Structures are given as structure tokens and as C-alpha cells.
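Residue 27 is where the sequence shown starts when you use this note's numbering, and the numbers rise one by one after that.
Careful: at least some of the hints might be erroneous.
The list that follows gives simulated cross-link-like pairs (lysine-lysine, PhoX-like), each with its CA atoms no further than 25 Å apart [stated by the list, open to error]:
(1) 491 / 308
(2) 160 / 298
(3) 487 / 459
(4) 475 / 491
(5) 478 / 299
(6) 332 / 308
(7) 202 / 160
(8) 459 / 308
(9) 299 / 487
(10) 308 / 298
(11) 298 / 459
(12) 248 / 332
(13) 248 / 202
(14) 308 / 160
(15) 478 / 308
(16) 298 / 456
These are computed hints drawn from the structure, not numbers from a lab.
Because the structure is a prediction, the values reported are computed rather than measured.
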Amino acid sequence: MAHRARMKDGRVQCSSCSAAIEPAASSCNDCGTSFEGDMDGMVCPYCSVILRRFSTECSNCGLRFKAVKPKATIPPALQEDEEFLKKLLEWGKQLRKDEPDTEEDVKESENAVAVFKEVTGIEQPTEVQRERLKSIEEGVREWQEFEKREESILMLAEPLEAALKSRRTSLLEAEKDLEELGKEYEALNAKQDPSVLKKRARIEKQIDQITREKEEIERLEKNLIELDDTYKSLLARHRHELEDKERDLQERVAAFETELGRRERERQRLEKKEALLAEREKGLEARIASIQDREREIDARERELKEQIGDLRNQKEAVIAGDSQVYEDAAKEGRWVVSPGDVEETMKKSKKAREEWLEEQRRVQQELMGLHKDAKVPAKQLSREATQEVGKLEQRIAELEAQLHRAETERASLAKEERDLLSVDEDVRKVLKVLDDLLANLPDELIDKFAKSPEFRLYEKVMDKYKV
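The whole structure should be built from the sequences, with the hints applied where relevant.
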């Protein structure tokens with residue numbers, strides 16, 4: 027049974043033949059079908075068949091529609107609130123259009139940043155890495171856009187194929203109906219009965235309607251074929267673009283992974299260099315401490331040697347003073363003596379001259395012994411003892427001076443080593459400055475993490491020590 031289909035624009039049509047009818051008509055004037063009742067109708071955009079409003083699929087061509095729930099009747103008192111809500115929704119949509127990234131884009135960006143953090147071990151990428159991440163995100167976004175386009179094209183291709191198939195079926199049925207009506211019209215053409223004339227006029231009208239519908243179906247079929255060809259070419263071109271974008275994205279990802287690997291190797295190299303510098307620093311500290319201990323020992327030995335030299339010189343002066351007193355006593359008694367200055371000058375001569383001088387003194391002293399037998403202390407014995415004591419003192423002084431010379435030489439060597447160490451310290455200070463500049467270029471999050479680690483105190487200690 028047919029229904030009176032009431033459209034949104036106020037028109038009323040027959041649900042069977044789509045002809046315009048009166049709102050209160052009981053049957054269709056074109057097809058003669060009686061109406062069972064009223065219904066809210068809509069027209070299928072492909073086959074122009076009248077359907078119930080809010081239908082999800084066309085019963086004729088099989089085209090599917092988006093399910094739309096019928097709007098509830100709003101009381102007049104709530105019309106103002108409804109308008110306000112509509113404006114609020116439109117304002118929210120406009121705000122959403124102004125935002126460049128979707129939720130999927132944000133998630134993709136977060137995932138890319140998470141992968142970067144995991145590989146490099148830092149909390150925030152540098153400017154160059156941020157640019158690379160941005161290019162990769164753009165490639166991912168284009169990939170997603172292409173996938174959406176392909177999905178939409180495939181979604182449109184299926185109903186187009188179904189609509190085209192339905193149109194062809196409808197065209198065959200229309201041709202068949204047209205052939206049957208043509209035969210019936212030929213059979214009634216020979217009769218002149220008024221009822222036959224009325225029926226013949228109705229058949230002519232149906233033939234004309236079917237002919238127009240056939241032409242419309244052929245025109246729609248042609249348009250659908252052109253649209254299908256267009257979508258196929260668009261899909262093929264889109265696939266080529268998608269393949270090009272995929273290759274470009276793979277190249278970008280490969281370049282990014284290469285850059286990440288290089289950054290990782292650079293970070294490991296810096297860590298090894300820092301550990302090596304720390305070891306060298308410990309060795310230098312131990313060596314400097316050892317040199318300082320040796321300097322203190324040398325200073326102590328130097329002071330001790332100076333004290334010993336002073337004591338020996340005092341002893342020598344005391345001996346010389348005592349020897350002079352002996353000679354003075356001998357002179358008072360009328361004995362022949364040699365002055366202490368001559369003795370000291372003669373002692374500085376060669377060994378042979380000294381032996382000759384001693385032999386001469388021994389002979390003189392023997393003569394003196396014969397002349398002055400009553401003397402309490404022999405002058406020869408006094409002269410020999412004084413000479414031996416002075417010789418021992420001079421030998422001791424020479425040994426101490428040699429030790430002092432060796433100490434001075436060792437001290438000069440230690441001073442040179444200390445200067446070399448200071449030069450090494452300057453090199454270490456330069457390297458520490460470079461490392462400090464490198465650390466300053468790291469992200470703030472990584473710097474905070476390093477500042478909270480126990481190695482930071484050692485780092486501060488080293489920096490304070492070298493005054494960097």
C-alpha cells in the first residue's frame with residue numbers, strides 16, 4: 027500500500043510513483059494506488075525513490091544513510107534556550123577549527139618525544155632535534171591524512187558501486203515495463219471505447235513517465251560511471267602520493283635514527299673523557315701531595331743541615347781560637363810558632379805541599395822539644411791535634427755542603443716538576459671549562475638531574491679546586 031509522503035518543504039507526494047498529490051487525497055491520480063495513511067518522507071539522492079524519513083538504507087538502490095535521530099518537539103518556552111545552546115556549540119566548533127593539532131597528533135608527538143628521551147637519555151630535545159621531530163610529525167600527520175582520504179574514498183566507492191548496480195537494475199526493469207506498456211498500448215489502440223481511451227491515456231502517461239525515468243536513470247548512470255572513474259583515478263594518484271610520502275617518511279626516520287646514534291656515541295665519548303679526566307685529576311692530586319711532602323722533608327733537611335753547618339763552623343772557630351791561644355802562650359815563653367793564618371793558607375794547598383809543610387813543622391817541633399824540655403805541654407802535640415781537628419771539621423763541612431748542593435738540586439727538580447704540574451693543571455682547567463660550557467648547553471631537566479646526583483658534589487669540588 028502507498029502512503030501520502032509529507033516532505034520537509036511542505037509538499038505531499040505519492041510514496042509509490044513520487045507524483046505530487048493533494049494533502050487529503052485518498053488515491054494517486056497518476057498510478058491509481060490508494061493511500062493507507064500519511065508518513066514523513068524524504069527523497070533518495072541517487073534513485074529519487076520516496077523513503078520514510080530517518081531511514082538508514084534505500085530499499086531501492088541500497089544506498090546507506092547516516093543514522094539521524096528524529097528531533098524531539100521543543101516547547102515554545104525552551105526555544106530561546108535551544109538557540110543559545112546552538113550558538114554555544116557553533117562557538118565551540120569555531121574554537122576547535124582554530125586549533126592546529128588533533129588529539130591523535132598530540133599523542134603522536136608525545137610518543138615521538140618519548141622515543142627520543144629513551145634513546146638519548148635526556149629530558150628535552152635540542153633545537154636541531156626539535157626541527158627533525160617536527161618534520162617527522164608532519165610526515166606522520168600527512169600519512170594519517172592520506173589514510174583518512176583513502177578511507178573516505180573507499181567508503182564512497184562502495185555505495186557508488188551499489189547505486190550504479192541498482193540503477194542498471196532499475197533501467198532494465200524500466201525497459202521491461204516500457205515494452206509491456208507498449209504492447210498493451212498497441213492492443214488498445216485499435217479500440218475506440220471511452221473507457222479504453224481513458225486507460226490508453228493513462229498508459230501513455232505511464233509510458234511518458236517511464237521514458238523520462240529511463241532517461242534520468244541513464245543520465246544518473248553516466249554520472250555515476252564518470253564519478254566512479256574519477257574516484258578510481260583519484261585513488262590511484264593518492265596511492266602513488268602515499269607511497270612517495272612513505273618513502274620520504276622512512277628516509278626521515280632513518281636520518282633521525284642516524285642522528286640519534288651519533289648523539290648517543292658523542293654522549294658516551296664525553297662520559298669516557300670525563301671519567302679519564304677524573305682519574306687523571308686524582309693522580310695529579312696524589313702526585314702534588316707527594317711533592318708537597320717531599321718539599322717539607324727537604325725544607326726540614328735543609329734547616330737541619332744549616333744548623334749542623336753552623337755548629338761545625340762554630341766548632342772550627344773555637345778550635346782556631348784555641349790554637350791561637352796555644353801559639354800566644356808559646357810566644358810568651360820564647361818558643362818559635364807559626365801563625366794560624368799561615369796554617370790555614372797552607373792547608374788550602376796541595377796534598378804534597380801540606381805533607382812537606384807538616385814534615386817541616388815536625389822537625390821544628392822536635393828542635394823545640396830539645397830546647398824546652400821543661401814545658402808542660404809540647405807545642406808539636408798541640409799543633410798536630412789542632413790540625414787534625416780542623417781537617418775533620420773541613421771534611422765534615424765539605425760533606426754537608428755537598429748534601430746541601432744535592433738538596434738544592436733536588437729542590438730545583440721538584441720546583442720544575444711542580445711547574446709542569448701547574449701547566450698540566452692549566453690544561454685540566456681549560457678542559458673543565460669546555461666541559462662546563464657543554465654542560466651549560468644541556469636541557470634544564472638534565473642539569474637538574476645532574477645537580478641532584480652525588481657526582482655533582484665531586485664536580486663542584488673539582489671546579490672549586492681549579493677555580494673554574
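Against the structure, the hints:
Of the pairs offered as hints, the one joining residue 491 and residue 308 holds, with about 12 Å between alpha carbons and a cut-off of 25 Å not exceeded. For the suggested pair residue 160 and residue 298, the alpha carbons sit about 32 Å apart, so the restraint of at most 25 Å is broken. Annotation: proposed proximity of residue 487 to residue 459 holds, straight-line Cα distance about 14 Å (limit 25 Å). Restraint check for residue 475 and residue 491: the C-alpha separation of about 23 Å stays at or below 25 Å, so the hint holds.
Distance check on the hinted pair: residue 478 and residue 299 sit about 21 Å apart at the alpha-carbon level, within 25 Å; holds. Proposed proximity of residue 332 and residue 308 is contradicted: the alpha carbons are some 36 Å apart, above 25 Å. A C-alpha spacing of about 63 Å is found between residue 202 and residue 160, which places the hinted pair above 25 Å, so the restraint is violated. For a cut-off of 25 Å, the pair hint linking residue 459 to residue 308 stands: about 18 Å separates their Cα positions.
Distance restraint check for residue 299 and residue 487: the Cα-Cα separation of roughly 18 Å lies within the 25 Å cut-off, and the hinted pair is therefore satisfied. Among the hinted pairs, residue 308 with residue 298 is consistent with the structure: their alpha-carbon atoms are about 15 Å apart, no more than 25 Å. At most 25 Å may separate the alpha-carbon atoms for a hinted pair to count; residue 298 and residue 459 meet this at roughly 17 Å. As the CA atoms of residue 248 and residue 332 are separated by approximately 123 Å, the hinted pair breaks the 25 Å bound.
Of the pairs offered as hints, the one joining residue 248 and residue 202 holds, with about 20 Å between alpha carbons and a cut-off of 25 Å not exceeded. At roughly 45 Å between alpha-carbon atoms, residue 308 and residue 160 are farther apart than 25 Å, so this suggested pair is violated. The hinted pair formed by residue 478 and residue 308 meets the criterion: a straight-line CA distance of about 23 Å does not exceed 25 Å. Of the pairs offered as hints, the one joining residue 298 and residue 456 holds, with about 17 Å between alpha carbons and a cut-off of 25 Å not exceeded.
This entry does not satisfy hints 2, 6, 7, 12, 14, going by the numbered hints stated previously.
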